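Q: Below, each chain spelled out in residue letters.
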Amino acid sequence: MARINEYQGKALLRENGIAVPEGGPAFCAEEARRIAERIGAPVVLKAQVWVTGRFAKGLIRFAQSPAEAYEKAGALLGRMVNNFPVECLLVEKRLAVAGEYYAGIIISDTRQRPEIIFSAKGGTGIEEIAVKYPGSLARTSVKLSDGFREYHAGNMIRKTGISGAAQRSLADILVKLWKTARRCEARSAEINPILETTEGQFLAADCRITIDDYAVFRHPELGIDIAREFDHPPTELEKIAYDLEKNDYRGTFYFIQLEKCFRKGEKYVGFHGAGGGGSMMSMDAIQRQGYRIANFTDTSGNPPASKVYRAAKIILSQGGIDGYFGSGSGVASQEQVNSARGLVKAFREEALGVPAVVRLGGNMEDEAVGLLTRYTEDLPGAVEGYKKDDPAAFCAKRLDELIGKAARKSKNQKRIEYTSRDLLRHAKVPREFKTLTGRVVFDHDRCASCESKICIASCDCGVLRLNEGLPVLAIPAEKAARGGCTECLACELECWFKGRKGAFVELPIPGLAENESPRQPEQDQGARL
Amino acid sequence: MSILIDGTKKVLVQGITGREGGNRTRLMMEYGTRVTAGCTPGKGGREVLGVPVFDTVEEAVETRGEIDISVIFVPAPLVKNAALEAIEAGIRLLVLIPDRVPIYDVLEISEKAKEHGASFIGPNTLGLLSPGKATLGMIGGRAESARQWFEPGPVGVTSRSGGMTASVAYYLCRSGIGLSSIVHVGGDAVVGLPHPEIVRLFEQDPETKAIVMFGEIGTSQEETVADMIESGEVTKPLIAYIGGRQAKKGTRFSHAGAIIEGESGTWEGKVERLRNAGARVVEDFSEIPRVTLKVLREIKTL
Chain A
1170 MARINEYQGK ALLRENGIAV PEGGPAFCAE EARRIAERIG APVVLKAQVW VTGRFAKGLI
1230 RFAQSPAEAY EKAGALLGRM VNNFPVECLL VEKRLAVAGE YYAGIIISDT RQRPEIIFSA
1290 KGGTGIEEIA VKYPGSLART SVKLSDGFRE YHAGNMIRKT GISGAAQRSL ADILVKLWKT
1350 ARRCEARSAE INPILETTEG QFLAADCRIT IDDYAVFRHP ELGIDIAREF DHPPTELEKI
1410 AYDLEKNDYR GTFYFIQLEK CFRKGEKYVG FHGAGGGGSM MSMDAIQRQG YRIANFTDTS
1470 GNPPASKVYR AAKIILSQGG IDGYFGSGSG VASQEQVNSA RGLVKAFREE ALGVPAVVRL
1530 GGNMEDEAVG LLTRYTEDLP GAVEGYKKDD PAAFCAKRLD ELIGKAARKS KNQKRIEYTS
1590 RDLLRHAKVP REFKTLTGRV VFDHDRCASC ESKICIASCD CGVLRLNEGL PVLAIPAEKA
1650 ARGGCTECLA CELECWFKGR KGAFVELPIP GLAENESPRQ PEQDQGARL
Chain B
835 MSILIDGTKK VLVQGITGRE GGNRTRLMME YGTRVTAGCT PGKGGREVLG VPVFDTVEEA
895 VETRGEIDIS VIFVPAPLVK NAALEAIEAG IRLLVLIPDR VPIYDVLEIS EKAKEHGASF
955 IGPNTLGLLS PGKATLGMIG GRAESARQWF EPGPVGVTSR SGGMTASVAY YLCRSGIGLS
1015 SIVHVGGDAV VGLPHPEIVR LFEQDPETKA IVMFGEIGTS QEETVADMIE SGEVTKPLIA
1075 YIGGRQAKKG TRFSHAGAII EGESGTWEGK VERLRNAGAR VVEDFSEIPR VTLKVLREIK
1135 TL
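Protein chains in written order, with the working numbering: chain A, 1170 to 1698; chain B, 835 to 1136.
Simulated from the structure, these hints should not be mistaken for laboratory data. Remember, predicted model here, so these are calculated numbers, not experimental data. Take these hints with a grain of salt, some might be off.
[Stated by the list, open to error] Which residues of chain A face chain B? A few of them, derived with a C-beta cut under 10 Å, are:
no. : residue
1   : 1283
2   : 1312
3   : 1385
4   : 1499
5   : 1503
6   : 1532
7   : 1655
[What the hints assert, rightly or not] Below, in silico cross-link-like pairs of lysine-lysine (DSBU-like), each with a Cα-Cα straight-line distance of 30 Å or less:
no. : chain 1 : residue 1 : chain 2 : residue 2
8   : B       : 1128      : B       : 1043
9   : A       : 1348      : B       : 948
10  : B       : 948       : A       : 1328
11  : A       : 1648      : B       : 877
12  : B       : 967       : A       : 1556
[What the hints assert, rightly or not] What follows is a list of derived Cβ distance ranges for each label pair:
no. : chain 1 : residue 1 : chain 2 : residue 2 : range
13  : B       : 876       : A       : 1319      : 37 to 45 Å
14  : A       : 1599      : B       : 853       : 25 to 33 Å
15  : A       : 1310      : B       : 1106      : 24 to 32 Å
16  : B       : 1079      : A       : 1650      : 44 to 52 Å
17  : B       : 1079      : A       : 1310      : 28 to 36 Å
18  : B       : 853       : A       : 1675      : 17 to 25 Å
19  : B       : 953       : A       : 1576      : 51 to 59 Å
Each residue gets a CB set at the ideal place from its N, CA and C atoms; glycine is no exception.
Input sequences plus hints: build the corresponding full structure.
A: As structure tokens, then:
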């Protein structure tokens, strides 16, 4: 769930007509002082971090003067909370409290509707309050075609014993909260507390809104970079991976780094799964062999070879891993040949130096495993492929054995070219066409002397044909660029082994080269809470 | 028998002219599914694998006669529109294959489906398959794989993990246990026919003698199945595995989630509820076939 900060959530509430305390976000102490001057002391300073119980953790402070606001802001900013630094404070007017209420919206999977919850008692410990005082709680589900209107809200609040003007003000807030949630497609939205001031005004004193990850693309106004919930600020590599995924709808690619500061020999493996359920089991299996997992990666939903290739490149760019473990459910419905080709291209380009064990069980597993092992035989790192009758535990054990063997072997320093990447620079008669996420380049100088013409027969999607003995597109170039060429990578790999090494599929990964080297040690995380 | 899909059902494919739509139509037809029409706006009049393509679902229904099921292979942002179109054209069962369908779109589809007495599998589903009969979606990837992997028989499989759907089914068949139907209910928080609904269909299917459920942490689907066993609504033996034991404690969306759901959604909670209700909960995935065999012997189905 993509979370937004309290101050951003409050801006949304305000746009939808809900009153919020006067104030604004401060990114430095000086800004906090200026806000305090503008709105007048006393003020409250609230660290913009996603934790509950901020007050008890010292993340909410009060200041009696702009000078004190400056001083306390300086102490709060930069503190580390759950791996995240405090980068922003919300500075607001401190209000005299007469009452606290709770309002929340969540999507109920059983009712398949949004559900609205109201509690006549709000504030810290709302979950306990709900258990202790069930009579103060009311809830209702919303029929989307009917919407949620003032009278729905009034009838709900009435059940908690609130009537008259207070009921009307609270109903108004509930309806507007619903509108906010619906407009920004919130998975959840809550105001806790709704604060009643001694002057009888009702305001949203705090709010938490999470946006549906799958709907973030419709809401550029929310400024969410990565529509996923991370337990750390996204790393450069994660951002690179996310941008790739954002621009390629074919299948799913998910990449998250679990560890960053490790070196070779410390028993870290790069993990490449397929499907959530199978991946979890596979990670268990490799952990039981005494390894730690550097990253979690999932390519599933029948991804093209190019997506698997990019995932593998990103995994390998982490450096310092002792092995590469690929394993999913074991009986995949997706075309495993695509996965195999993607891995082979990445392994060759990176001159894979560590052992890799990949479980490619499922659809077309024989072809996939054959291809994976045959086309990686010359690499420094040993590569083994397994099928649906080979359990994850066995494959994890194999990887452990191979890693043990590799450690005893002396390093092979010989520098060999494993791909036709240099075609991009040295092709004498380069001919190319665009694909959905890259381009295919042939060197017609080499093609002319090629007897196999293997590129034509091996092309999965049949987009190539011979023209006077040279490979050309069989479909219009625009069609190839829109996905007609599925980026199966067969032409490049087959030509390397059976032809004249005259084909190359270039699949850029924006940002990766810059990110690769020199690798800088991550800064220590500083003081923790 | 089987649930939801067999060789008699007439099937429409929305998005038949796309990469996935075309490939999976081939799989479905080669496996035995009666695909009678395809639909892609702007591409009416073509044919894909001999199947006529229409611009709208209404036109497909008018031309080809009543259609039982629509399988939707369009990009996620377009799923809502495609689904509403199919429901309004009178189709009673939809299979929403795509991943990343916005949740409010799913809620709108659900509301419209209820109004019209329709239901849907997914979104984010691999589909479903009745061994030896027909399939919807992409289980097996190719007809020849699906034929090799799955055998007909007395056990119904329902799963929340796509990849594990085929795995559970394959490992059962390899142990000599045939299957009535295999259903991937979909990986999202809100799905049209969650475990409880599929379990109910297996309960009503005379040929299904036992049910294997691959559950996961999050949502209240498995707890609801436990309730159904307790209330006597489900009488057939149920073997369950819950994935995600090692995962971090379910991320709560907010306090609201905790207020409504209490302890539901956790691995421990689900296992305990199912055990107390009388289900056979298996903690090691590889034990599923052995325990299922044992159960079948107990009820004298083997």
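Q: Are residue 1532 of chain A and chain B close enough, Cβ to Cβ, to be under 10 Å, as the hint says?
A: Nearest chain B Cβ about 3 Å off; hint holds.
Q: Given a hinted range of 51 to 59 Å, is it respected by the beta-carbon distance of residue 953 of chain B and residue 1576 of chain A?
A: holds, 56 Å
Q: Quick one: are residue 1599 of chain A and residue 853 of chain B within 25 to 33 Å, going by C-beta?
A: With a Cβ separation near 28 Å, residue 1599 of chain A and residue 853 of chain B satisfy 25 to 33 Å, so the hint holds.
Q: Would you mind confirming whether the straight-line C-alpha gap from residue 948 of chain B to residue 1328 of chain A stays at or under 30 Å?
A: holds, 29 Å
Q: Are the Cα atoms of residue 1648 of chain A and residue 877 of chain B separated by 30 Å or less?
A: Status holds; Cα separation ~15 Å.
Q: Could one say that the CB atoms of residue 1079 of chain B and residue 1650 of chain A fall in the range 44 to 52 Å?
A: Check passed, 45 Å falls within 44 to 52 Å.
Q: Double-check residue 1385 of chain A for me: the hint is only fine if its C-beta lies closer than 10 Å to a C-beta in chain B.
A: Interface hint status for residue 1385 of chain A: holds (9 Å vs cutoff 10 Å).
Q: With chain B as the partner, please determine if residue 1312 of chain A meets the hint condition of a C-beta pair closer than 10 Å.
A: holds, 7 Å
Q: Tell me if the straight-line CA distance from residue 1128 of chain B to residue 1043 of chain B falls inside 30 Å.
A: holds, 13 Å
Q: Is it true that the CA of residue 967 of chain B sits at most 30 Å from the CA of residue 1556 of chain A?
A: Given that 30 Å is the threshold and the Cα spacing comes to 26 Å, the pair holds.
Q: Tell me if the straight-line CA distance from residue 1348 of chain A to residue 948 of chain B falls inside 30 Å.
A: holds, 24 Å
Q: Interface hint check: residue 1283 of chain A, Cβ to nearest Cβ on chain B, cutoff 10 Å. Holds or violated?
A: Residue 1283 of chain A check passes; min Cβ-Cβ to chain B is 7 Å, inside 10 Å.
When the structure is compared with the earlier hints, no violation turns up for any of them.
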